[in-house]
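Colleague: Put the complex together from the two separate chains, hints included.
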Amino acid sequence: MKKIKMMMLALAVNGSAVAGGMNDDPFLFMLKVDKLELSDAADGTAMVWDAQAWAGKDLNKLWLKSEGEKLSGEGTEEGNLEILYSRAVAPFWDLQAGWRHDFRPDPDRDWFAFGVKGLAPYLFEVDATAYIGESGRMAAALSVEYEYMFTQKLILSPELEMNLYSKDDEETGVGSGLSDLALGLRLRYEIVREFAPYIGVNWWNKFGKTADYAEAEGGDSSDVEFVAGFRLWF
Amino acid sequence: MKYRKNSFSGGIVSPSRRRFVQGMAMGGMAASLGLTSRSLWANVEQQQKIPTLTGTEFDLAIGEQVVNFTGTPRIATTVNASLPAPILRWKEGDTVTLRVKNNLPETSSIHWHGIILPSSQDGVPNISDGFSGIAPGTTHTYQFKLVQSGTYWYHSHSGFQEQTGLYGPIIVDPLEPEPFTYDRDYVVMLSDWTDEDPTVVYAKLKKLSHYYNFNERTHKDLMKDLKEKGLARTWSERKMWMQMRMSQRDLADVTGYTYTYLMNGQTPADGWTGLFRKGEKIRLRFINGSAMSFFDVRIPGLKMTVVAADGQYVQPVSVDEFRIGVAETYDVIVEPDEAAYSIFAQSIDRSGYARGTLTPDPAMTAEVPAMDPVPDLTHMDMGMDMSGMGHSMHDMGGMNMKGMDHGKMQMGGMDMKGMDHGQHQMGGMNMKGMDHGKMQMGGMDMNGMDHGQHQMADMKRKPVHPSDFSSGKVIHAPTEYGPHVDMRAQAPQYRLDDPGVGLRNNGRRVLTYADLKNLRGTNDPREPDREIQLHLTGNMERYMWSVNGVKFANAEPLRWKMGERLRITFVNDTMMNHPMHLHGMWSDLETGDNDFIPRKHTVIVQPGSRISYRVTVDAEGGWAYHCHLLYHMLGMFREVQVS
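Heads up: the protein sequence lines correspond to chains A and B, in order. Our numbering puts the first residue of the first sequence at 5, with every later residue one more than the last. Our numbering puts the first residue of the second sequence at 499, with every later residue one more than the last.
This is chain B alone, in the form it adopts within the complex (with noise of 0.2 angstroms):
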């Protein structure tokens, strides 16, 4: 069942389970229900819908309900008593009529992730052009025509509303035939769901920024790294998170702890299921639709081929496993035997997991897999100056480099510009006695590396353009210094092709920006006319969060003029991604290849790092842009005024 309303039995999951989401396989229990595999297979995909709505005219109502993802009843907020909100599945081309109405006792709205459109109909209360939010009771009606197709969603951009419920899938269903084929289309939105009030949470975030970690590193790990690393290693590798007070493990803020992740509305225990038939190509549409969770996704067995991001084609690519970050969304392919598979899809700190079942029979099931270790932050992560080393050395730790054809490699200062690492994900690299505050690479031990999964040849590959990624200074604005403000990544480095934190060298394919190529060609071929530099901001400790060292509630609007190309750059000046989405208009993404630049409206800014997108200045009028991490939003927030 995707969603219990008002259901108080079936699935109840132990309370026990609820701290960290352990799943279960649901073998058993299909088979027990001892029915014939024809009426499984309708069961299933009777149960486990969500509701879609298709056409040009559409009546919603915002509400509450009863649901029972953990064993308690709780009450979430819904759209047409559906959890997530129906998917609305519409044509590019058609002017779409949304009435929207909110039975809540609260201001609600809704926005639509992604869509171009008018900034009146965009759902941001007081920033989109005439809109103060949806009062109690009230029907709001939103009209815009469609001029895109691809995958989105929807949601509340009131409250806390997203955390509760109010998320939905968008298919906008192109007006060309599409550049691939496949046979079944399934949505696959990945959430997170709390029992617990969300104001309480950030509460609770307020008062003690790490009480939902509980993976910190602690005696046993210390003890590990004596007994492998020695003494002075270390307390070198150890030394910099002690001096400037920040954990290594802080991957999440909000964690399996108190979020169960559901797929399609699914919890663990449950499992979404999407059935097939024999020969068939699927087509699996990723939403993230988390209030702050990321998911590494694989589906163990299968290739999947990456075919659009942020509903927008790009180069098929193949992979094993991609990361999706809060708001984004993918396209994969997928070719099945016709075995059962699992989609496992594990939170960024490995506190938990959403998972479902892909499968030609509901009586068969697929092996979950277990999670990945949880994974430390590096200096890297920290924006540590790394400069040496060229942008696309990331994570080294214990990389032995002896034997190493040195070829244009000049260790001596190590210049790797233009050497476009792609996924080597160069695990192992020896830095003992390596000082990272100064990083000379004289102090490297680079013996004996290791060029096996390095595909050299892949240094052949068209080279970054040096001017896209060494441009701009980086600086950090006087309002960045203060009690507000924790950290400025001394060096901040590009790292397009750095699949991230707990995904550098996992022996699998993971996808990265650089993967990223628009199918088309880049839509605005034109140089940015100004740039114009972003820091995220914060402090983790205190729990605040801002831009350039600013929030929100004490910002002027970024006044953009109407026309123009901008390039921006965001600074990560802070340990944590943030999943940054501006809305009404197109973030061109500088992967490396400018002639293939993909367009994205979410985009990942890494733990230290920088990444630079162009703007096509399209859109008049008010719109939002923020960290799409809930509890971040608040003040690492801008408005944007176009005019």
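Isolated chain A (complex conformation) (with noise of 0.2 angstroms):
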């Protein structure tokens, strides 16, 4: 027993396995741009990102996401961040907690953030959170994504992302209910796997009060768009 105990500090200690010198779990760092794009928005061509980055290692790690929109020759529109803490809970899955922070549209909005993000059967890509907000505010936001091969590089992938809310919030332009649902397809050629150009369209629609705001404003409530972009990661 001393002997395990002993072993078991030792690997502790300095991380290395006692076979190899060599750690089966060592802290790793991945930077994962899924989107980087321009598309055709109706006021202007807006830049698109959709970025996570981790560290950690197999069952816990630290997440961060971004997303946002910006338009060409404006400040961006929309944008958040989110730190996560992300633990492992079963094959698939990974619970994620922490706090998102929307940046724009102006006034900041804070929330607090808790979901599951993962692979589901049939290999779909789900990232689904719930968030409660300042005020009582509460909202969830769903992503999916699919991925055909056309070929070993040449794949195709549907996504669908939606934003609940659970009241109105003028300031910020969201409407209670369903706000907005977007349906991507997007075909990309990865030239090596960390990187990979892409061409899409891009179909959004919002509903509801967020409609109504976003026409108050004479915006669109609806729109399809082409884009183009790149995926990167390492």
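Simulated from the structure, these hints should not be mistaken for lab results. Watch out, some of these pointers could steer you wrong.
The calculated lysine-lysine pairs, modelled on DSBU-like cross-linking and capped at a C-alpha distance of 35 angstroms, are [what the hints assert, rightly or not]:
#1 Lys705/B to Lys722/B
#2 Lys61/A to Lys704/B
#3 Lys722/B to Lys121/A
#4 Lys776/B to Lys589/B
#5 Lys157/A to Lys704/B
If you're wondering where the values come from, they're calculated on a predicted model, not measured in any experiment.
Modeller: So this is what it looks like as structure tokens:
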């Protein structure tokens, strides 16, 4: 027993597995830009990003997510950052909890975030998060993505994203209920695993009060946009 | 040239070739040198030889060396500046002394794979008694008596040094005359080289486990299936894989995308050459010294007579092809005509190959065969319930059974126990409409069985001992449940006569474990005192590997009693083949014939299967027990303490 404890201690201290001087679970870091694209929005060309980064080990990670949109020649229209603790709870699922900060539009909003991220049966990539904000606001976001391989490198990925809110928030332009829904279809070519340019089309629609707010501001409540960008990770 | 020391020229391979090694005939090369046949002979022999060290005293220096296998110079880890490391040729009964100097900037070690010796000499840092590795700049002396003969190998047991080149052959010549004759003796060591840093390879697998897999099923395969099988059957066949989030093409974690497969240190472009003279019988000592690669080996045009497995004699068996798992060895005898032959070793996932040539004349070359199609894993490889079918009926995709003489084969419930299918590899059974989840035989369309290659006579062969293969309920430990384990085999079968995914029904006579029979009979006829069930577990997506769901870092040692006779039963709860290696003691493999149990040091546990072997616990001290896939063994590893 003593020997085992010593060994465990040795492992814990220098992280070197006994047999090979190796650690089976090294601390790793990954940056993944899922989307970095230009889209032909109604009011000009927009730049859209959707990126994640994590650092940690097999079962426990610190996870950052950010997505947003910026119109060319103008400031960022929408943008948020999430900082989450991610813990593997099932073979294909991680629980994630932390803080989301919407830094655009003005005024900014903060949320407590709690969600799941993983791979559902039939190979759907799912990210579903519930949010609790100030003044009793609640929200939910869902993203589902699938990959269809035309070849080993040419991959078509349909994607669905939606946001729901519990209360109208006129200042930020979101209405209660299903606020917006987007369906995307992107075709990427993985030049190498880590880098893939893509083209695609994105349809989105705003609903209810969200649509009303947008129209009141002279914007659209629905659009079909062509997109081109690239995916990158390391 | 076996190994290009500080060489940046000659045989440069264009970078584009690196992706999937295509190989090329070396035909023109030798001829264009304009040498006479005799000088060519000498030349080839000279250049392609792995240095051989003989005697009882050895000085080995572990160091770093520039190599160039792909067109890009890289640093390899070598012994005496050779890759593979020199052949150590020993004599049974001798006591050998090996002074190993470590010139690396990091700790190193050498493990003598398959050699029976005291724990203190086994060379696994912090597990072998009193051994903590060879510190940089120091020399460690190993000394042990050789109590066996045959073909083995040695390699580093530190870090990823095995991937970067630290492996070499061992030949132990026997005291007694060998039970077969041959005129020429060649080592054929297979290995996998990558220009990437192994720590980067490992990190990539953790981030994207299919990073190196460019054999996934795509649109084209789907269209083909839809056309040939229709929507309903295509759906039912693929459904479970998608539900389970598994790939039917998860055959190798690291592939020809990064690997250049080597035969005696030669790339496929160069090829290794073994020369022979007319009428000679040649012994080929195949050693799989890879980090991660299984090879399917054949020599088109030649039968290979397998005479030893893992260094131990077996009853000669003539085959066209064999699969060699990481760390296994096979000795075969071939009798070539006066012609050139390709020794062709394709990786299990068909992403590349190692190759060589057996030829009476260096100017004579042989055609290199095309690789076989990429196979799909089957439900059986997932350990699905095929219980009604008897353990031997594997991979029946598409078998036609109409007009079959049912004889003793009762199709209702299909009692096939005791039926040894040997090499049936029943191809082509039509399982249309079959629900694999519950697998009712009633749903099976068995019209028109084509007995063609089935050799039904084999059914009369000595039946397997049912007690051996039906005992022991499969129990998944609570530790097997959690985010670190993605699958548990529901009904893992013994599949000793299954040549494995990609080799079933290929029209060739393929070696299986059921073919291996100890030449001299079972060494220890005792029945096991107790049975230990070990489950090989993992999560491919997260790239985590473990035994019974517990990785090495969190595991207590297995404690075995000196003198006991154990039965180890492995259950493979993953979709991959795992070559399991027990240090210090033999693995007496239960093949179905208890009178002729073969001894192995490394045993392949096929995906979704189970397999049992007996261990005579006769070696005190600490021993390593692990999967020999280098990127699995960090977690899929146990320490054994014998006292």
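Colleague: Now tell me, hint by hint, if it's right for this structure.
Modeller: Hints, verified against the model:
At roughly 32 angstroms between alpha-carbon atoms, Lys705/B and Lys722/B fall within 35 angstroms of each other, so this suggested pair holds. A distance of roughly 9 angstroms separates the Cα atoms of Lys61/A and Lys704/B; the hinted pair therefore holds under the 35 angstroms criterion. For the proposed pair Lys722/B and Lys121/A, the alpha carbon gap of about 33 angstroms is at most 35 angstroms, so the pair holds. About 29 angstroms separates the Cα atoms of Lys776/B and Lys589/B, which keeps this hinted pair within 35 angstroms; it holds.
A distance of roughly 20 angstroms separates the Cα atoms of Lys157/A and Lys704/B; the hinted pair therefore holds under the 35 angstroms criterion.
Going through the hint list in order, the structure satisfies each hint without exception.
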